[in-house]
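These protein sequences, in sequence, are chains A and B.
Here the first sequence is numbered in the working numbering, starting from 94 and rising by one per residue.
Here the second sequence is numbered in the working numbering, starting from 4 and rising by one per residue.
Simulated from the structure, these hints should not be mistaken for lab results.
The model shown is predicted, which means the values in this text are computed figures rather than measured ones.
Be careful, since some hints might not be right.
Okay, derived cross-link-like pairs now, DSBU-like style, lysine-lysine, Cα gap no bigger than 35 Å in a straight line [unchecked claim]:
{"no.": "1", "chain 1": "B", "residue 1": "K102", "chain 2": "A", "residue 2": "K348"}
{"no.": "2", "chain 1": "B", "residue 1": "K293", "chain 2": "A", "residue 2": "K359"}
{"no.": "3", "chain 1": "B", "residue 1": "K126", "chain 2": "A", "residue 2": "K359"}
{"no.": "4", "chain 1": "B", "residue 1": "K30", "chain 2": "A", "residue 2": "K359"}
{"no.": "5", "chain 1": "B", "residue 1": "K167", "chain 2": "B", "residue 2": "K108"}
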Amino acid sequence: MKRMSWFNTVSLTLGFAFLYVPMLILVIYSFNESKLVTVWAGFSTKWYGELMQNEAFLSAAWVTIKVAVISSTIATVLGTMAAYVLVRGGRFMGRTLFSGMIYAPLVMPEVITGLSLLLLFIGIGLDRGVLTIVLAHTTFSMCYVSVVVSSRLVTFDRSLEEAALDLGCSPSEAFRLVTLPIIAPAVISGWLLAFTLSLDDLVIASFTSGPAATTLPIKIYSAVRLGVSPEINALSTLMIAIVTIGVLTASLVNKRQIVRQQREEKEAGRN
Amino acid sequence: MIQFQNVTKRFGDFTAIDDLTIGIYEKEFFALLGPSGCGKTTMMRMLAGFETPTEGSIYLAGQDMAPVPPNKRATNMMFQSYALFPHLSIWENIAFGLKREGMAKPQISDRVNEMLRLTRLEKFASRKPHQISGGQRQRVALARSLAKKPKLLLLDEPLGALDKKLRQDTQFELMDIQEKTGTTFVIVTHDQEEAMTVASRVAVMDNGRIIQVATPDRIYETPNSVYVADFIGEVNIIDGIATPNGEESYSVAWKDGQAPLNVKSPSSFSDGQSCHLAIRPEKVTINAEKPTGADNVVEGKILDIAYLGNLSTYHVELPSGAVIKAQSANTRRISRRAFTWEDTVWLSWTATAGVLLAA
């Protein structure tokens with residue numbers, strides 16, 4: 094392999110340092126013996142143990158995961174439907190308006206989205222809890238799903254659907270048997286995107302959550318306001334670990350699939 | 004079997020098909036030939052049910068097709084891009100339409116295996132479309148569209164993506180399969196050689212209209228217009244003024260200072276009517292000496308030689324400035340070739356060699 098020039102080495106180091114030093118410090122301090130976050134007093138995993146005893150954190154984590162799974166699933170279904178209609182619906186009245194309105198929430202300040210949802214929930218007399226957070230998260234993450242799926246649909250060869258119709262499928266069968274399996278990767282990544290967005294949302298959740306249900310980001314945020322505890326460091330480290338494992342697995346699976354496909358194509362070329 | 008009755012199709016202001024009436028017979032291999040944008044693909048998509056005529060109606064076996072959706076039609080289509088389902092194996096691709104029909108499993112299996120045999124794809128049944136070559140994909144697309152035993156098979160530029168050698172082989176395969184299955188084939192193509200090779204009848208289209216429908220040899224030998232003559236193969240078009248000088252015989256005055264040409268024509272022209280003489284290069288003989296007894300003889304100078312391997316096309320400039328193409332088979336090695344650039348030669352052709360067309 095070629096040696097990198099000193100300039101490239103320096104910029105790479107600086108870039109990665111910028112990205113990862115803060116996280117690294119957090120991980121190191123999570124193994125701190127001392128109760129004082131900024132004073133190092135030796136290695137220990139006791140804060141992880143204490144974390145496991147903390148009912149409030151565990152229940153918040155449970156709520157967060159429940160909300161993320163449900164809202165991203167609903168958002169994926171709605172977002173895929175919206176994308177399909179916008180890409181395939183042909184030119185109907187107000188199509189431009191609709192597609193503009195789908196993208197608008199992406200650039201809308203979260204505070205405004207949260208506030209408007211809060212007003213709506215109060216207006217219709219819905220008690221704030223898991224349900225309201227799910228609805229709120231579905232609302233904003235649906236737009237992301239629809240953006241991801243519609244960008245896949247734009248490049249989708251229309252004649253595949255026509256072939257399905259030609260071979261005797263009704264339009265809904267054509268969607269289920271041909272379109273959906275082919276755009277599945279985009280739908281899955283839309284789901285993952287919605288899931289992560291829901292997982293780390295603080296602003297909208299803080300407007301729509303009630304005393305009955307709190308999500309993890311809110312819990313961490315309010316805990317930190319009372320002072321950073323080593324427990325929070327431990328919790329954050331766990332979250333980093335989970336995310337890292339998730340990203341690594343996804344990219345490994347993807348990579349293996351590409352390698353296998355290339356090998357198969359090479360074999361086909363020989364025949 | 005198929006009847007287009009005054010069919011017009013408009014997309015906004017653009018008229019793709021203009022008041023078209025045509026019949027296609029059973030068990031025929033029918034080719035729609037024309038430049039891109041002439042409406043041939045639109046015609047095919049109307050047959051498949053992806054487009055509906057703006058005016059007029061299409062009958063398939065006597066039934067008006069307008070209200071029948073694509074999935075209920077006894078037609079199948081082979082798409083230009085093949086449109087194989089990438090997530091299904093070759094076997095499943097071919098079985099797809101049969102499963103939708105609700106056919107029993109053993110019958111599906113028999114039918115798929117039969118199609119695999121017909122298209123010689125047995126070895127690839129479990130592969131995915133991206134694991135086979137272009138020619139194999141094309142055969143899968145054909146097998147899939149034939150599996151349901153359609154009354155009518157539509158082929159949209161089926162061989163466009165194949166290289167020339169493979170295309171020629173596949174053309175003969177297509178004809179073979181068409182004969183074996185007895186299905187009516189309608190093929191859309193812009194490749195005139197392909198249309199001539201495979202089809203029993205060819206329709207030449209331009210701007211949403213059918214200009215001529217005839218067998219390949221009649222399209223080539225007796226085109227009904229300058230457009231058809233020019234679109235199919237190479238041709239010399241000579242503009243002139245016709246004067247009758249006998250039964251079905253005309254003398255055509257053309258360039259000043261040239262002797263009038265003798266032409267026989269079954270279609271009649273009035274005295275002084277302007278006309279075009281269309282004559283194929285291979286029907287023009289090129290000679291070093293002035294030939295005697297020929298109906299038409301002109302003298303010229305070789306301007307250019309296009310060497311095609313088996314044939315050479317000579318571009319001969321006449322003193323009047325007109326250029327006439329003459330083609331001859333290269334029966335001798337190139338080093339023994341009789342003519343070269345700047346040579347003075349004599350071109351001759353018979354009175355029946357060309358077709359006289361109205362201006």
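Violated hints - listed by number, lowest first:
2, 4, 5
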